[in-house]
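**Q** Residue numbers (this note's numbering), protein chains in the order written: chain A, 9 to 339; chain B, 9 to 339; chain C, 9 to 339; chain D, 9 to 339.
It is possible that some hints are incorrect.
Copies of the same chain look alike in the list, so a pair counts if it fits in one copy or across any two.
[To be verified] Straight-line C-alpha distance at most 20 Å; calculated EDC-like pairs for lysine to aspartate or glutamate:
no. : residue 1 : residue 2
1   : K14       : D52
2   : K203      : D177
3   : K126      : E87
4   : K329      : E115
5   : K160      : E180
Since the hints were made in silico from the structure, they are not lab data. Keep in mind that this is a model prediction, so the values were computed, not measured.
Protein chains: 4
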Amino acid sequence: MVIVMKAKATRQTINKITKRLEDMSITVHETIGSNYSILGLIGDTTMLSKEQLESYDDVEKVIRVQHPFKLANRLFHPEDTVVKVGDTTVGGDTVTVMAGPCSVETEEQVIQIAMDVKEAGATILRGGAFKPRSSPYSFQGLGEEGLKLLKKAKEATGLPIVSEAICLDTIELVAEYADIIQIGARNMQNFALLKKAGLTKKPILLKRGLSATIEEWLMAAEYIMAGGNKDVILCERGIRTYETYTRNTLDLSAVPVIKEISHLPIIVDPSHATGKWKMVSPLSKGALAVGADGLMIEVHNDPINALCDGGQSLKPSKFKKLMEELGIYMN
Amino acid sequence: MVIVMKAKATRQTINKITKRLEDMSITVHETIGSNYSILGLIGDTTMLSKEQLESYDDVEKVIRVQHPFKLANRLFHPEDTVVKVGDTTVGGDTVTVMAGPCSVETEEQVIQIAMDVKEAGATILRGGAFKPRSSPYSFQGLGEEGLKLLKKAKEATGLPIVSEAICLDTIELVAEYADIIQIGARNMQNFALLKKAGLTKKPILLKRGLSATIEEWLMAAEYIMAGGNKDVILCERGIRTYETYTRNTLDLSAVPVIKEISHLPIIVDPSHATGKWKMVSPLSKGALAVGADGLMIEVHNDPINALCDGGQSLKPSKFKKLMEELGIYMN
Amino acid sequence: MVIVMKAKATRQTINKITKRLEDMSITVHETIGSNYSILGLIGDTTMLSKEQLESYDDVEKVIRVQHPFKLANRLFHPEDTVVKVGDTTVGGDTVTVMAGPCSVETEEQVIQIAMDVKEAGATILRGGAFKPRSSPYSFQGLGEEGLKLLKKAKEATGLPIVSEAICLDTIELVAEYADIIQIGARNMQNFALLKKAGLTKKPILLKRGLSATIEEWLMAAEYIMAGGNKDVILCERGIRTYETYTRNTLDLSAVPVIKEISHLPIIVDPSHATGKWKMVSPLSKGALAVGADGLMIEVHNDPINALCDGGQSLKPSKFKKLMEELGIYMN
Amino acid sequence: MVIVMKAKATRQTINKITKRLEDMSITVHETIGSNYSILGLIGDTTMLSKEQLESYDDVEKVIRVQHPFKLANRLFHPEDTVVKVGDTTVGGDTVTVMAGPCSVETEEQVIQIAMDVKEAGATILRGGAFKPRSSPYSFQGLGEEGLKLLKKAKEATGLPIVSEAICLDTIELVAEYADIIQIGARNMQNFALLKKAGLTKKPILLKRGLSATIEEWLMAAEYIMAGGNKDVILCERGIRTYETYTRNTLDLSAVPVIKEISHLPIIVDPSHATGKWKMVSPLSKGALAVGADGLMIEVHNDPINALCDGGQSLKPSKFKKLMEELGIYMN
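Between the sequences and the hints, there should be enough to build the whole structure, so can you do that?
**A** Spelled out as structure tokens, the structure:
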């Protein structure tokens, strides 16, 4: 961490700050200039508050040098994390494809889609039982009934399940049925939920918030890991920008960045990012080409009558074609 | 709502869509062009899913004409909502100033600040007991102990209390102690929390999400109102943009927009928006000048030692000076 | 400037970088840590390229401490710049209102509006002769004919003129007729135009680019000043964000930031920022309340038939009313 | 185009608007609702101004249904445009790789790099002679001397040249030496330059502006094409978002969008988008996987001493390795 002091900073203030930091076992090196002076801090600055130091009148600004996350940091954990999910794994050399309907609707629907996506090559079934919807008047998911249907689909196909938990009251319920608990973009900084996710024994799929920086995203992962759950899978799903042609802007550059600074696996969800099924195919290819560990894709047998997000769902036949085309990107 | 059909759209599809909409008591008017055709929909389209209609191959795009919120919509509720809080009110002709520390730390601290801000003219005391922090290693608030201290400050000064609820498990606790329950920016789309807030009997201060559109923000208010709680106070606190000089970009234009399309009161929080105490004074004036119903300002007697967000807190003396300068904007 | 070296950085590389910097009369102080080392640079780092230093493999990142602009920097020029325009001034204690039509259309139109805005209290007449339009099929302005009409309006009212120059070929022409040359948002980083503006003898009104950071904006001002023209007036006109309810998001927090780090005057254009005449009045008040040195407002006697941007123009009667209401913000 | 009228809109106003539109050969269909009425417009609405129509008091909003560009619109030109450049082509079935130094520095440098990139498989040489730099104190390029060196490199290798024109005064000079004229991101809405580019006989490489929507970008292409020059190559180079880890956010979803709505070829520049050479390789693969017609990559034999943008340049050996890895994406 670097503290930039104003030129007018008094010796007294510098000493006061230095003393305070030394009390926290941090070493301070001074570089005195004519317009600014620089204090270089050596030691564990993870716990230091940038804002608090900036509240000194004589401090111009404080610059963080080290990432504020530790458990998620590749610097302290150089090998890739590989997450075990049932008989399969996410991360490492595996390319994982999670596919299924946005929301679970009927037994027939979810079992049919599960069989279709399995046949096409998907290794994990996705499906929403609890749905976060921007309107209180929209379909909010089947709840536990949906989880039961997912379980039947799992029994029918052997595919492990990923399903979203949207609140403290139901995360344990989801943990009971699902093999991976998804935390959605809008809950990425629902810290109470993250803490509870850290206490569960199931892997967590952590979607990036709509306007989360990569650092904030990894800090959210840190919350879960600090609670004791090391099995976090990141999922890039588009960020909010000024461009309105696609629903969000898929940030594929986040994939190599995550690979550089963290050891956690990262998959990509092109369905939610774009909101348009036509764009799922090219962006799936792009995601694997930049190095993602997998994909999360919405598949629905009857998009027009889907209770949620039909516009971004692939029909099983199109998904099958996509999986064939993805072959060359999977090695 | 307007549905734009592709030129190649068949009569059959148009009839199918029309039939489906008529079954929902919506009237459809066709305008046939050479490159596109337009279906104009008349009736209550609040419940229609834009995405679902866009999943038809022959649909080019769907454009919402009416706002998707009803209870928060000025069109159906032309008079300003005035929220009663203890003996005071928020909205209407009143200009409200909520002030206090970011987080409650000690009895002495919170009572002293409460007395200071009251003397300077604030009418509501703010203070955090449960703190949403981006790092799991940061101070997370005193919890119920903090609420108890706020209550003592209320007893000492008579000021009503606003404090944040960050999860389902503690919102009832906050409702017990506080006069207004705050829902923070990061929880603006925590729909489970919004639903529960709709069932409480206390007014809700709903902060705008970091990247929430004005429409999404009002839809979040709609969630609360749909649950039966009509006392929602909106709070603009800065949005995330590419500009990094200030922590966020305070969107003061949101104030006249809200005034035009909604009847709910709106206040402004310049402390969190900028993260810099020096900017609180000019932006407070700006907020009242554009027509905000009030302000939320962080005040701390010892910013340098504050456990949270010291950098954006005013000292009581500076707050007092600001309140004097705000006089001309308060009429 | 601070250079963060990776832990694996060799003594050799550090020495090489240090040598290179010392050759440029920069002093280097080392702070050696376990995960990173920090080089603190003292001296004039304005000319150093952050990117070039970052191309060393052993460099983690380079952080600029000092602003890269000098002539526009309040640090080296503490007093406010006051720009003389005809008999009036911009900046300092004056509040300037520039008003007039988006584009000059006819002699009758521009003279009538000029008389109206003068009567209402405007001190400078704005009007476009060369119009930057996003479509090649839109009206592109009257060109020199428009400048001649502006001159007639100046003769009729005594108001100095501000008009936009959109290219190298016509900036001298604009300089001949106008008292202030405007450089538009889309040309804020048209460096060839900025250089030429630096050679003219007329004050320059420099609009902020749609996605320009405050630092980039001041660097654009630096281009003009480095050419010898110190009379730069900044104009905040809204930035591009994800919010689409208003055309752009007016960044009023830029006003106190500019006041802190630069000595140049800054005015605000609420008409272009919002694109809606209804929002011009509240945001004009907000702009003066946060400390702007003035406003730029579009006024048109017949907005519905305006050849450009009618939707954001005030009618003269509404402008008059606004000017009366602005009285209390002008002292 | 759809005009949404307020409920209170009078018959008189609707008739007035309808009359005005019919005078422009546009047919108007009315759909009357209780809260809003809708006017559906049929005919060529390209020339209509959305803003002007929105200036009527009784108009709620105006929604554009058709894209405002015509010449760049795939609707009216279904086949892919293939641009001829010397003996090679851009677009169609070809995958083009343009490579070379950010700026031309010396004869030795540019010839050596040209030979290296040719050997590795690049088909076009890039190199800047006129450089747009955010600081007036940075190296601004060698000017015509740089163009002469590029010509020598072309003579030595046979590679056609792409180089940037930054102003009206030098675009003809660039046209004389280069085979493709580049218009940079910061000049994307320098309409005077676009018009002049429309009059040259050389293909134009049009970079996307830092905060340009896809529609604005295609409107910039429309400016060039409307001037008579149909040979426009689009180049995605990252957009400005809140994320600061990479310099800009590469918007790879723009590639399939452009492919859907336009017939122009599109290439991708990962070097400028990220500003980090380490990310060039994965994003190059991603760009080809999503369907781009090619890449533009910075290669420098001595990045550390490059006069510009060294941090994002690949060394020739790394570029060669990348080209080998790109093989599977090129078919």
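**Q** Can you give me the call for K14 and D52, within, between, both or neither, at a CA distance of at most 20 Å?
**A** between (24 Å within a copy, 16 Å between copies)
**Q** First find the shortest C-alpha distance between K329 and E115 inside one copy, then the shortest across copies, and answer within, between, both or neither for a cut-off of 20 Å.
**A** This pair counts as neither: shortest intra-copy Cα distance 25 Å, inter-copy 51 Å.
**Q** One pair to classify: K126 and E87, alpha carbons no more than 20 Å apart. Within, between, both, or neither?
**A** Result: close neither inside a copy nor across copies, 30 Å intra and 37 Å inter.
**Q** Since the copies are identical, ignore which copy is meant and state whether K160 and E180 lie within 20 Å (CA to CA) inside a copy, between copies, both or neither.
**A** within (19 Å within a copy, 37 Å between copies)
**Q** Under a CA distance limit of 20 Å, which applies to K203 and D177: within one copy, between copies, both, or neither?
**A** both (13 Å within a copy, 13 Å between copies)
Checked against the numbered hints above, the structure violates hints 3, 4; every other hint is satisfied.
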